[in-house]
Amino acid sequence: MLVSKIVRRTGPAVGQATRALSSEASFTVRDFKLHKLEQGPSTQVTVSREDALKYYLDMVRIRRMETAASNLYKEKVIRGFCHLYSGQEACAVGMEAAIRRDDAVITAYRAHGWTMTRGATMIEVLAELTGRQSGIQRGKGGSMHMYRENFFGGNGIVGAQIPLGTGIALAMKYKKTDNLCVTLYGDGAANQGQVFEAYNIAKLWDLPCIYVCENNGFGMGTSSDRSSASTAYYTRGDYIPGIWVDAMDVLAMREATNFAAAYCRSGKGPIVLEAATYRYYGHSMSDPGTSYRKRDEVDDVRKNRDPIAHFKDRILKSGLASEEELKKIETDVVKEVSEAVQVAKTDKELGPDELWENIYPDNDVWKMRGVTPFEWRQPKI
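Using the UniProt record's numbering, the first residue of the sequence shown is number 1, and each one after it goes up by one.
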C-alpha cells in the first residue's frame, strides 16, 4: 500500500486530547487488467474522511450481520438455503459508492450484502431470513429473494438474473434515461449460454449494462480453473470491453465502477467487470467449504487480504480516523446486530390469510368456486 497524498485538518476531540486528522488521503491500488480498452481506471485514488468512515461502517455491518446469520442458522432459527457474503463486502460497498440510487442492481442468491447497500435495514434482512413480518418481504422471500426499489433480487436460479438485467438495461435505454443496470453473477454461472446471449444483444443494442462476474474462486465446490477453459472472465465478452479489478480493495472496486458507469452513461454500451474476490464460508451454510480447499488457504486470505482489515489499516496509517473512532463504529454495529437478532427471533410470523396477498393488484382473497381454499379445506361436521 502506498500513501501518496495526505491533507490534514484538525479533527474532533478524542477524550481529553485533540489530534490532527486527514480530511482526505490518496492511495495507489493494484493495476487493472484491460480488455479492448486503450485506457482504464486510474490506479491513484482519493477518498475523503467522510466516505472512508462510511465504507468502513458499511463493510463492518455486512460482516457482522452475516456472522449473526451464520449463528442463527446453526441454532436452526434460519432454515433452508443461506448463502453468506462474508469476504466479499468490498465488492458491494465499492460498487454502491460509484452508482446512483436510481440505478438498478440485480444479483444472484448471495444477496444479503447487496440488500443492505441498496438501503435495507439490518432488521429487514435478518427478519426476512427467519421468516418474520418485519422482513423486507414480510418473511415470504427468505434468503434468496430480497427486493426493494431498484434492487431486483436475489434470484434463486443460477445465472437467470443475467438476461433479466439485460432487459432492465433495455428498459432504461427505451425510456431514454441515463441510468444503468449492474448485473452480477458468479464464476459458477459464467459458462452458461445465456451469459453470451445476453452479451450479444447488449452489445448489438448498446445497452447501459455493467456485467460483473464476482469471481470468488469456486462455483459451489468446483474451482474456476477446473470448470473454465479460460478464467480471464473480464475478456469473455469478446467484443465487449472488460476490466479485471482486485475486489478485496473497496477503493479499487469503486474506481473501476466509476469508470464503467461513465462508459455506460456515455452511450458506448455494455462493459464487463471481473471482481476478483473470495468467500470465507462454504457455498451455503450446508457446505463446510473444506472438502475442496484447505483451511490454511482461507486463513491466509483472512490474514493477508481481508477487505475490512486492509481498509482499516489504510484509514489509520493515513490519519483519516483514530483507533477510537473505528472502535466506536464496531461497538455500535455490535449493538445494532444484537437488536436486529432479537427482532428476528421474536417478531410475529405471517398468518395463513396473508399468503394470498401480493398475488393480484387488488389483494382480494383468491377464491375457487366461491370459497377460499381455507374454507374449502374445513372439515364438515
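There's no promise every hint is true.
Unchecked claim - Restricting the straight-line Cα-Cα distance to at most 25 Å, the calculated cross-link-like pairs of lysine-lysine (PhoX-like) are:
#: 1; residue 1: K303; residue 2: K54
#: 2; residue 1: K312; residue 2: K328
#: 3; residue 1: K328; residue 2: K317
#: 4; residue 1: K76; residue 2: K176
What the hints assert, rightly or not - With beta-carbon atoms standing in for the labels, derived distance ranges:
#: 5; residue 1: K54; residue 2: R30; range: 43 to 49 Å
#: 6; residue 1: S23; residue 2: L204; range: 30 to 36 Å
#: 7; residue 1: D296; residue 2: K74; range: 30 to 36 Å
These are computed hints drawn from the structure, not numbers from a lab. What you are looking at is a predicted structure, and each value in this text was computed from that prediction instead of being measured. Where is the CB? At the ideal position from N, CA and C, for every residue including glycine.
A quick look at each hint next to the structure:
no.: 1; hint: K303 x K54; in the structure: holds, 23 Å
no.: 2; hint: K312 x K328; in the structure: holds, 13 Å
no.: 3; hint: K328 x K317; in the structure: holds, 18 Å
no.: 4; hint: K76 x K176; in the structure: violated, 48 Å
no.: 5; hint: K54 x R30: 43 to 49 Å; in the structure: violated, 22 Å
no.: 6; hint: S23 x L204: 30 to 36 Å; in the structure: violated, 46 Å
no.: 7; hint: D296 x K74: 30 to 36 Å; in the structure: violated, 23 Å
Of the numbered hints stated above, those contradicted by the structure are hints 4, 5, 6, 7, listed in ascending order.
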